[in-house]
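Which chain is which? The protein sequence lines are A and B, in order. Yeah, the first sequence ends on 154 if you go by this note's numbering, and it's all consecutive. Yeah, the second sequence ends on 1097 if you go by this note's numbering, and it's all consecutive.
FYI, nobody ran anything at the bench for these hints, they're computed from the structure. Bear in mind that the values here come from a model prediction, so they are computed numbers and not experimental data. Using N, Cα and C, we set each Cβ at its ideal position, and we do this for glycine too. Wrong hints could be hidden among the right ones.
Derived BS3-like pairs: lysine-lysine, alpha-carbon spacing no greater than 25 Å straight-line [to be verified]:
hint: 1; chain 1: A; residue 1: K117; chain 2: B; residue 2: K1028
hint: 2; chain 1: A; residue 1: K96; chain 2: B; residue 2: K1031
hint: 3; chain 1: B; residue 1: K1094; chain 2: A; residue 2: K122
hint: 4; chain 1: B; residue 1: K1031; chain 2: A; residue 2: K122
hint: 5; chain 1: B; residue 1: K1084; chain 2: B; residue 2: K1031
hint: 6; chain 1: A; residue 1: K96; chain 2: A; residue 2: K81
hint: 7; chain 1: B; residue 1: K1094; chain 2: A; residue 2: K117
hint: 8; chain 1: A; residue 1: K96; chain 2: B; residue 2: K1094
hint: 9; chain 1: A; residue 1: K96; chain 2: B; residue 2: K1028
hint: 10; chain 1: A; residue 1: K81; chain 2: B; residue 2: K1094
hint: 11; chain 1: A; residue 1: K96; chain 2: B; residue 2: K1065
hint: 12; chain 1: B; residue 1: K1065; chain 2: B; residue 2: K1031
hint: 13; chain 1: B; residue 1: K988; chain 2: A; residue 2: K96
hint: 14; chain 1: A; residue 1: K81; chain 2: B; residue 2: K1028
hint: 15; chain 1: B; residue 1: K988; chain 2: A; residue 2: K117
hint: 16; chain 1: B; residue 1: K988; chain 2: B; residue 2: K1065
hint: 17; chain 1: A; residue 1: K122; chain 2: A; residue 2: K81
Here are some, though not all, of the chain A residues that point toward chain B, as calculated from beta-carbon distances under 10 Å [claimed, not checked]:
hint: 18; residue: P41
hint: 19; residue: V43
hint: 20; residue: P47
hint: 21; residue: Y70
hint: 22; residue: Y72
hint: 23; residue: Q80
hint: 24; residue: S97
hint: 25; residue: F130
hint: 26; residue: E142
hint: 27; residue: F144
hint: 28; residue: E147
hint: 29; residue: R150
hint: 30; residue: V153
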Amino acid sequence: EPEVTQTPSHQVTQMGQEVILRCVPISNHLYFYWYRQILGQKVEFLVSFYNNEISEKSEIFDDQFSVERPDGSNFTLKIRSTKLEDSAMYFCAGGGSGIDTGELFFGEGSRLTVL
Amino acid sequence: RKEVEQDPGPFNVPEGATVAFNCTYSNSASQSFFWYRQDCRKEPKLLMSVYSSGNEDGRFTAQLNRASQYISLLIRDSKLSDSATYLCVVNAPSGTYKYIFGTGTRLKVLA
C-alpha cells in the first residue's frame, strides 16, 4: 500500500538555525499539507499546497515558514530561523486523488526539538 | 466559538462498554466530516467518514446533525485496542481541501 514518508523522524536543532523537513507524498495525490502538533495539543493546520503553489495558509505559517515541491515528488517545509515554540511534531499529509473519499493520508511525522 | 470542539476526556470505560463522543463545529457551510484515530505519538489515521444519513462500520457508528452542527461517534463493545485519541475533523469550506482538527477525545478502555 502506498504511503507518505517523512524525513527526518527526529531533528534536534539550536534556536535560530534553519530546518528543512522532507516528505514524499503518495504519487496520485493532488493536495499536500503540513500540519503540526505541539506535544499534548491538537493537530494544527499550517499550509495546503495545490498545483505547485500555496492554496491556503494559517496564521501560524508566517514569513519564517516556506514550502516547496521542487521536483514533483518531494514536498518540503523550511523553517528559516527556528524558535523554541517551533518544537512540535510536523506531519505531512496528502489527499484528493481520482478516487476521492476526502481522506487525508499522513506521514509518520518529523519531531522537531529546538533547544 | 472554536472551529471544531471536542470534550478532551479522558473517558475511562471497561471492556465491552458502549461509549459516545460528540463534536461541534462552527462553520455551517462545512461539507465533509470525519473521525480520525490517533495513537500516542503517532500520526492520525482515518477511522471513518461521516455521512448525512449516518453510517456504521462494525462496532463504530457515526452521526451528523447539520441543524445543530454536531457529529457523534459511538463505539460499541469497546476493546482494549480502542484506547486512543479520537479526532473530529471538519473541512473548512474555502474551496480547497483544508481540514480542521478538534482537540481530540482520549479514550482508555480498561480490562
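Okay, the hints, checked on the actual structure:
no.: 1; hint: A:K117 to B:K1028; verdict: 22 Å, holds
no.: 2; hint: A:K96 to B:K1031; verdict: 22 Å, holds
no.: 3; hint: B:K1094 to A:K122; verdict: 34 Å, violated
no.: 4; hint: B:K1031 to A:K122; verdict: 29 Å, violated
no.: 5; hint: B:K1084 to B:K1031; verdict: 16 Å, holds
no.: 6; hint: A:K96 to A:K81; verdict: 17 Å, holds
no.: 7; hint: B:K1094 to A:K117; verdict: 36 Å, violated
no.: 8; hint: A:K96 to B:K1094; verdict: 34 Å, violated
no.: 9; hint: A:K96 to B:K1028; verdict: 24 Å, holds
no.: 10; hint: A:K81 to B:K1094; verdict: 18 Å, holds
no.: 11; hint: A:K96 to B:K1065; verdict: 38 Å, violated
no.: 12; hint: B:K1065 to B:K1031; verdict: 18 Å, holds
no.: 13; hint: B:K988 to A:K96; verdict: 18 Å, holds
no.: 14; hint: A:K81 to B:K1028; verdict: 13 Å, holds
no.: 15; hint: B:K988 to A:K117; verdict: 28 Å, violated
no.: 16; hint: B:K988 to B:K1065; verdict: 31 Å, violated
no.: 17; hint: A:K122 to A:K81; verdict: 19 Å, holds
no.: 18; hint: P41; verdict: 14 Å, violated
no.: 19; hint: V43; verdict: 8 Å, holds
no.: 20; hint: P47; verdict: 15 Å, violated
no.: 21; hint: Y70; verdict: 5 Å, holds
no.: 22; hint: Y72; verdict: 8 Å, holds
no.: 23; hint: Q80; verdict: 8 Å, holds
no.: 24; hint: S97; verdict: 9 Å, holds
no.: 25; hint: F130; verdict: 6 Å, holds
no.: 26; hint: E142; verdict: 5 Å, holds
no.: 27; hint: F144; verdict: 8 Å, holds
no.: 28; hint: E147; verdict: 5 Å, holds
no.: 29; hint: R150; verdict: 8 Å, holds
no.: 30; hint: V153; verdict: 18 Å, violated
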